[in-house]
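Novice: Residue numbers (numbering that gives the first Met the number 0), protein chains in the order written: chain A, 0 to 660; chain B, 0 to 334.
Treat the hints with care, since some could be wrong.
To be verified - Derived CB-CB ranges, DEER-like:
#, chain 1, residue 1, chain 2, residue 2, range
1, A, Asp-429, B, Gln-223, 47 to 55 Å
2, B, Arg-268, A, Asp-167, 51 to 59 Å
3, A, Asp-389, B, Ile-89, 38 to 46 Å
4, A, Lys-281, B, Pro-318, 50 to 58 Å
5, B, Arg-268, A, Ser-181, 54 to 62 Å
6, A, Ser-584, B, Arg-32, 54 to 62 Å
Claimed, not checked - Capping the alpha-carbon separation at 25 Å, the derived lysine-lysine pairs in DSS-like fashion look like this:
#, chain 1, residue 1, chain 2, residue 2
7, B, Lys-28, A, Lys-196
8, B, Lys-262, A, Lys-21
9, A, Lys-305, B, Lys-289
10, A, Lys-305, B, Lys-112
11, B, Lys-207, A, Lys-400
12, A, Lys-281, A, Lys-168
13, B, Lys-48, B, Lys-72
14, A, Lys-337, B, Lys-296
15, B, Lys-266, A, Lys-377
16, A, Lys-76, A, Lys-11
17, B, Lys-296, A, Lys-336
18, B, Lys-207, A, Lys-305
19, B, Lys-112, A, Lys-309
20, B, Lys-296, A, Lys-21
21, A, Lys-240, B, Lys-137
22, A, Lys-377, B, Lys-112
23, A, Lys-21, B, Lys-266
24, A, Lys-125, A, Lys-98
Hint data in this document are derived by calculation from the structure and do not stem from the laboratory. Ideal Cβ placement from N, Cα and C applies to all residues, glycine included.
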Amino acid sequence: MDIKIPDSTLRKYLDTQATPEKIAEALTLCGPSVDRLHWLAGDYVYDIEVITNRVDTASAFGIAREAAAILPLFGIKAKLINSPYDIKPSALPERKGAKFPLDVTINNEDLIPHFAAIVLDRLTVKDSPKEISHQLELSGVRPLNNLIDITNYLTLCFGQPVHIFDYDKIIGHKMILRESRSGESMITLDGKTHQLKGGDIVIEDGGGNLIDLCGIMGGKLSEVDERTKRAVLFVQTYNPKKIRRTSLYTQERTLASQIFEKQPDSRLVIPTLIEGVNLLVKLATAHVAGESIEYYFNKSISRTIKLDLKWLDRLIGHEFNFQTTSSILSNLGFAVKKISTTSLEVVVPSWRHHDIAIPEDLAEEIARVYGYFRLESKLPITANLSVATDQLLDWEYQAKKYLSDLGFTEIFNYSLVGKELFEKAFMASDHSITLTNPLSSEFESMRRSLIPSLLMDLERNQGKIDQPIKIFELSNIYSPKEHPILAIATQSLDFRHTKGFIEALLLSLHLSNISFVPVNEEQDPWQKNQTGEIYSDKHFIGIMGAIKPKVKTSFNLNGDVYIANLDFQIVSDLANTNHTYGPVSEYPDMIEDITVQSSLSLGKILQLIKQTSKLITKVFYQTSMKDKHTFTIHFNDSKRNLTQDRVNKIKESLLKTTQKE
Amino acid sequence: MYLEEEIKNLSLETASAETTAQLTKIEAKYLGRNGVLNLKFNQLSKSDKSKLGKDFNAQKQKAVRLIDDRQTKLDRIEENESFDITIPGILPPIGHLHLVTQAIKEITDIFSKIGFIRRRYPEIDTDWYAAEGLNIPKDHPARDDQETFYVSENLVLTPHTSNGQLREMEIMKTPPIKMINIGKTYRRQIDVSHTPMFHQFEGLLIDKDINITHLIGVGDYFVQNYFGIGRRVRLRPHHFQFTEPSFEIDITCGICDGSGKLKDNEKCRLCKSGWVELGGAGMVHPNVLKNGGINSKKYSGFAFGWGVERVLSMKYNLPDIRNIYTTDLRILNQF
Numbered sequence: 000m001d002i003k004i005p006d007s008t009l010r011k012y013l014d015t016q017a018t019p020e021k022i023a024e025a026l027t028l029c030g031p032s033v034d035r036l037h038w039l040a041g042d043y044v045y046d047i048e049v050i051t052n053r054v055d056t057a058s059a060f061g062i063a064r065e066a067a068a069i070l071p072l073f074g075i076k077a078k079l080i081n082s083p084y085d086i087k088p089s090a091l092p093e094r095k096g097a098k099f100p101l102d103v104t105i106n107n108e109d110l111i112p113h114f115a116a117i118v119l120d121r122l123t124v125k126d127s128p129k130e131i132s133h134q135l136e137l138s139g140v141r142p143l144n145n146l147i148d149i150t151n152y153l154t155l156c157f158g159q160p161v162h163i164f165d166y167d168k169i170i171g172h173k174m175i176l177r178e179s180r181s182g183e184s185m186i187t188l189d190g191k192t193h194q195l196k197g198g199d200i201v202i203e204d205g206g207g208n209l210i211d212l213c214g215i216m217g218g219k220l221s222e223v224d225e226r227t228k229r230a231v232l233f234v235q236t237y238n239p240k241k242i243r244r245t246s247l248y249t250q251e252r253t254l255a256s257q258i259f260e261k262q263p264d265s266r267l268v269i270p271t272l273i274e275g276v277n278l279l280v281k282l283a284t285a286h287v288a289g290e291s292i293e294y295y296f297n298k299s300i301s302r303t304i305k306l307d308l309k310w311l312d313r314l315i316g317h318e319f320n321f322q323t324t325s326s327i328l329s330n331l332g333f334a335v336k337k338i339s340t341t342s343l344e345v346v347v348p349s350w351r352h353h354d355i356a357i358p359e360d361l362a363e364e365i366a367r368v369y370g371y372f373r374l375e376s377k378l379p380i381t382a383n384l385s386v387a388t389d390q391l392l393d394w395e396y397q398a399k400k401y402l403s404d405l406g407f408t409e410i411f412n413y414s415l416v417g418k419e420l421f422e423k424a425f426m427a428s429d430h431s432i433t434l435t436n437p438l439s440s441e442f443e444s445m446r447r448s449l450i451p452s453l454l455m456d457l458e459r460n461q462g463k464i465d466q467p468i469k470i471f472e473l474s475n476i477y478s479p480k481e482h483p484i485l486a487i488a489t490q491s492l493d494f495r496h497t498k499g500f501i502e503a504l505l506l507s508l509h510l511s512n513i514s515f516v517p518v519n520e521e522q523d524p525w526q527k528n529q530t531g532e533i534y535s536d537k538h539f540i541g542i543m544g545a546i547k548p549k550v551k552t553s554f555n556l557n558g559d560v561y562i563a564n565l566d567f568q569i570v571s572d573l574a575n576t577n578h579t580y581g582p583v584s585e586y587p588d589m590i591e592d593i594t595v596q597s598s599l600s601l602g603k604i605l606q607l608i609k610q611t612s613k614l615i616t617k618v619f620y621q622t623s624m625k626d627k628h629t630f631t632i633h634f635n636d637s638k639r640n641l642t643q644d645r646v647n648k649i650k651e652s653l654l655k656t657t658q659k660e
Numbered sequence: 000m001y002l003e004e005e006i007k008n009l010s011l012e013t014a015s016a017e018t019t020a021q022l023t024k025i026e027a028k029y030l031g032r033n034g035v036l037n038l039k040f041n042q043l044s045k046s047d048k049s050k051l052g053k054d055f056n057a058q059k060q061k062a063v064r065l066i067d068d069r070q071t072k073l074d075r076i077e078e079n080e081s082f083d084i085t086i087p088g089i090l091p092p093i094g095h096l097h098l099v100t101q102a103i104k105e106i107t108d109i110f111s112k113i114g115f116i117r118r119r120y121p122e123i124d125t126d127w128y129a130a131e132g133l134n135i136p137k138d139h140p141a142r143d144d145q146e147t148f149y150v151s152e153n154l155v156l157t158p159h160t161s162n163g164q165l166r167e168m169e170i171m172k173t174p175p176i177k178m179i180n181i182g183k184t185y186r187r188q189i190d191v192s193h194t195p196m197f198h199q200f201e202g203l204l205i206d207k208d209i210n211i212t213h214l215i216g217v218g219d220y221f222v223q224n225y226f227g228i229g230r231r232v233r234l235r236p237h238h239f240q241f242t243e244p245s246f247e248i249d250i251t252c253g254i255c256d257g258s259g260k261l262k263d264n265e266k267c268r269l270c271k272s273g274w275v276e277l278g279g280a281g282m283v284h285p286n287v288l289k290n291g292g293i294n295s296k297k298y299s300g301f302a303f304g305w306g307v308e309r310v311l312s313m314k315y316n317l318p319d320i321r322n323i324y325t326t327d328l329r330i331l332n333q334f
């Protein structure tokens with residue numbers, strides 16, 4: 000929540016010589032952050048970020064209280080003045096003239112911890128004096144008339160939202176505060192009609208009309224206007240959860256609702272009412288026309304926290320002296336009592352009840368006002384030698400690095416996808432993880448495959464960059480379990496080269512016995528005749544294959560497109576660095592080119608050749624002419640020089656086995 | 000003279016050798032183990048061998064000299080040949096790791112040097128780990144800031160890596176706990192400084208007597224290693240439900256070194272005030288320690304969760320964070 004406080008408003012509650020720049024700097028370091036300090040129409044304005052648990056700082060007075068506690072630590076005198084907490088009940092003007100009744104019924108005490116209202120007569124509606132309308136404008140509020148402006152001015156000064164009704168528009172001068180019923184509707188001041196879901200805090204008048212969407216915005220029916228003569232000034236606190244719920248679903252994120260949902264101090268209700276009446280008397284000729292009506296259901300009991308000073312020093316890493324600690328706390332409004340040399344008893348002020356509950360909260364107050372920036376910088380020596388990182392994370396990086404060394408570019412696509420993308424790839428679009436509140440249909444589900452995203456990447460790059468294109472992504476898929484997949488795509492690169500990259504990658508991770516087995520079933524987006532399952536020994540690790548023409552057409556892709564989709568969890572489980580040393584033969588290889596005739600697949604022929612003899616150490620495929628295939632074969636015996644005779648014998652049996660099959 | 004004919008031939012052949020390779024062949028032909036000279040000599044009878052041995056060695060030396068002389072000449076020719084070394088090399092294909100991968104690697108390495116173990120926890124997690132267990136009750140206004148994507152009422156895309164805090168405590172059971180959890184996170188936001196998917200790195204250190212000065216120390220260590228020597232952090236008050244106290248962490252601006260002013264006394268245009276915002280941190284809230292099964296009377300700890308894309312864009316002054324997630328290879332191939 001961001002608020003704007005004019006310097007002149009701040010200084011009504013803060014007596015100090017500090018410059019606005021110094022105040023902004025000190026607040027930012029030790030209190031609420033001043034995002035910007037700017038000079039505007041003859042005044043400085045502080046743009047302040049009010050953090051969610053510090054609604055007590057959402058006002059000029061609240062900021063002044065922070066500044067008065069913080070500035071002394073910078074060696075600057077500062078004093079909090081004109082505190083609303085000092086306003087005495089006797090400051091409320093007495094009734095003059097006729098008495099006008101107001102009948103208030105509160106059906107459920109849980110809705111409204113504190114309620115106050117008063118009827119005012121003989122009002123004059125006009126423009127506010129320059130001083131007030133100027134401060135409102137600087138704080139980002141549009142001045143309307145003196146009645147409305149005074150309510151907004153009270154919020155600016157004290158952080159307590161205030162509402163004013165036209166008394167004569169309240170039928171029967173009756174207010175029933177209750178929960179709304181589902182289906183009720185009302186029009187708010189901004190002209191919007193709201194269909195209520197039920198359970199909202201509302202006020203019904205004597206005619207059965209809803210006249211206030213409490214804590215959010217007043218109703219149109221009881222709006223004050225230039226003819227208003229009598230009014231009800233209305234100050235409350237509400238059940239914060241109710242306010243938040245209504246404000247969220249009606250999408251009325253008003254300043255009042257943002258304050259009420261964060262529990263402002265109930266003890267400000269009466270002082271605000273009194274200050275409001277006095278301002279209306281002064282600026283709108285108001286005459287009090289009835290007793291103030293007050294209900295105080297939820298008197299917060301005082302809260303005391305014991306603070307162990309040794310513990311404080313340990314948590315913060317700094318030795319505080321008693322003087323510093325207690326003056327920081329008392330400047331913030333805490334009552335401090337020393338109970339021993341090492342412990343304090345601290346009473347929490349009413350405006351901090353919702354955010355100060357445990358000693359850690361007090362530690363924060365002391366350390367921040369003292370200044371985190373004044374603390375030392377130390378490296379902890381904690382070590383945990385018996386824990387190791389998940390190997391998966393290391394293998395992921397190694398695989399990515401290796402692929403990039405081979406000339407592939409890594410891409411990060413969003414995990415969030417739409418149905419259309421998967422339909423475009425002819426892949427099932429019924430994702431198991433779908434969002435209830437997506438940003439758009441393009442980002443509505445968590446993808447079950449990386450393939451459609453990579454096809455889209457190729458489409459986007461085709462024509463912009465030289466072919467061949469080589470890309471990859473290593474990310475989780477969600478089906479619904481999160482599972483790491485490495486997907487590699489090439490365009491305008493042939494089957495053998497693409498397969499070679501995949502084999503090289505798997506070899507670099509030391510996976511053993513890589514084999515490719517033709518797939519049995521037709522499945523989009525793969526083109527069955529050029530697609531295989533990849534195995535390491537008996538473990539299935541993924542699929543590599545050509546993308547079907549209809550899928551390529553769908554993505555406007557030209558040329559060969561191959562994709563490998565590897566289950567990286569399995570790859571990581573099989574990867575290893577357990578190198579074993581093998582002796583190198585002292586004797587030279589004998590190398591021969593051999594052509595075999597066979598109708599078997601090359602993979603099978605290679606396997607048969609290798610099985611023929613232990614003396615065959617390497618086999619390289621060269622070329623094929625129909626069913627004649629040429630291989631370069633290395634023979635080696637690590638114990639002695641090979642003779643041509645022995646090699647010829649192996650060749651013979653090799654030709655026999657391959658032709659026999 | 001013995002072998003006169005052979006030496007004459009050798010002399011003619013060496014003189015016509017144009018390359019070292021040719022000369023090596025000639026050398027093998029005449030002086031090899033089965034070369035012309037040896038074959039000739041081996042045909043002699045034992046007595047002839049002893050008679051002509053001296054001549055044979057002299058002629059052999061002459062042959063060696065002829066070859067050496069030619070080699071010297073060839074070397075000189077080669078050394079004086081003109082060669083254009085500005086001819087372009089033949090490059091292997093050059094690939095590119097994504098900036099985010101590079102940053103994660105760098106961050107992992109920096110933290111591993113001071114003993115933080117890299118972790119990865121679920122991207123889709125229950126409300127307990129992502130919010131409620133982190134001391135953020137249902138209906139709490141703090142949930143506003145999170146812009147969370149929901150899968151169901153109880154299942155979310157993690158809006159931060161802090162879900163790893165409770166999970167790490169559950170796995171480790173007793174301190175010391177020292178992790179750096181890096182993972183994908185999601186928020187319902189898209190603009191120049193937000194992408195709906197991004198990465199965070201979450202540091203968590205729990206042990207006896209861990210205090211705020213240690214967080215400052217680790218922060219300083221990280222920014223000096225990642226952004227450069229001399230950079231330092233500063234803590235400002237903030238509020239997060241799962242830490243107490245909570246901080247916003249700033250680092251000194253790389254341009255003006257924290258002064259907010261340039262050499263000519265002009266205002267620094269990058270940071271305006273001398274500091275740039277890094278992210279949130281705090282001392283782990285006792286309720287969170289309790290939810291993770293850690294005795295908060297005995298142990299304390301700090302946690303921080305910072306954006307990978309955020310530190311990347313700070314380091315390289317990227318104006319629009321969405322560019323990190325471009326799929327345009329003309330851009331990705333620059334890194």
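Novice: All the hints need checking, so say for each whether the structure fits it.
Specialist: Checked hints:
About 50 Å separates the C-beta atoms of Asp-429(A) and Gln-223(B), a value consistent with the hinted range of 47 to 55 Å. Taking the beta carbon of each, Arg-268(B) and Asp-167(A) are about 58 Å apart, inside 51 to 59 Å as hinted. Remark: the range hint 38 to 46 Å for Asp-389(A) to Ile-89(B) is upheld by a beta-carbon distance near 40 Å. Lys-281(A) and Pro-318(B) have their C-beta atoms about 52 Å apart, which keeps the hinted 50 to 58 Å range intact.
At roughly 55 Å, the beta carbons of Arg-268(B) and Ser-181(A) sit within the given window of 54 to 62 Å. At about 24 Å, the beta-carbon gap between Ser-584(A) and Arg-32(B) misses the expected band of 54 to 62 Å. Our distance criterion of 25 Å between C-alpha atoms is broken by Lys-28(B) and Lys-196(A), whose separation comes to about 105 Å. Among the hinted pairs, Lys-262(B) with Lys-21(A) is consistent with the structure: their alpha-carbon atoms are about 22 Å apart, no more than 25 Å.
Pair hint Lys-305(A) plus Lys-289(B) holds up; C-alpha atoms about 20 Å apart against a cutoff of 25 Å. Distance hint between Lys-305(A) and Lys-112(B) is unfulfilled; the C-alpha atoms sit about 40 Å from each other, more than 25 Å. A distance of roughly 39 Å separates the Cα atoms of Lys-207(B) and Lys-400(A); the hinted pair therefore is violated under the 25 Å criterion. Proposed proximity of Lys-281(A) and Lys-168(A) is supported: the alpha carbons are some 24 Å apart, at most 25 Å.
Distance restraint check for Lys-48(B) and Lys-72(B): the Cα-Cα separation of roughly 34 Å exceeds the 25 Å cut-off, and the hinted pair is therefore not satisfied. For the hint linking Lys-337(A) to Lys-296(B), the alpha-carbon distance of about 23 Å falls within 25 Å, and the restraint holds. A C-alpha spacing of about 32 Å is found between Lys-266(B) and Lys-377(A), which places the hinted pair above 25 Å, so the restraint is violated. With a CA separation close to 16 Å, the supplied pair Lys-76(A) and Lys-11(A) stays within the 25 Å bound.
The hinted pair formed by Lys-296(B) and Lys-336(A) meets the criterion: a straight-line CA distance of about 24 Å does not exceed 25 Å. With a C-alpha separation of about 22 Å, the suggested pairing of Lys-207(B) with Lys-305(A) holds against the 25 Å cut-off. Of the supplied pair hints, the one linking Lys-112(B) and Lys-309(A) is violated, its CA atoms being roughly 32 Å apart against a limit of 25 Å. The straight-line distance between the Cα atoms of Lys-296(B) and Lys-21(A) is roughly 39 Å, outside the 25 Å bound, and the hint therefore fails.
Between Lys-240(A) and Lys-137(B) the alpha-carbon distance is near 10 Å, which keeps this suggested pair within the 25 Å criterion. Of the pairs offered as hints, the one joining Lys-377(A) and Lys-112(B) holds, with about 16 Å between alpha carbons and a cut-off of 25 Å not exceeded. For the hint linking Lys-21(A) to Lys-266(B), the alpha-carbon distance of about 17 Å falls within 25 Å, and the restraint holds. For the hint linking Lys-125(A) to Lys-98(A), the alpha-carbon distance of about 24 Å falls within 25 Å, and the restraint holds.
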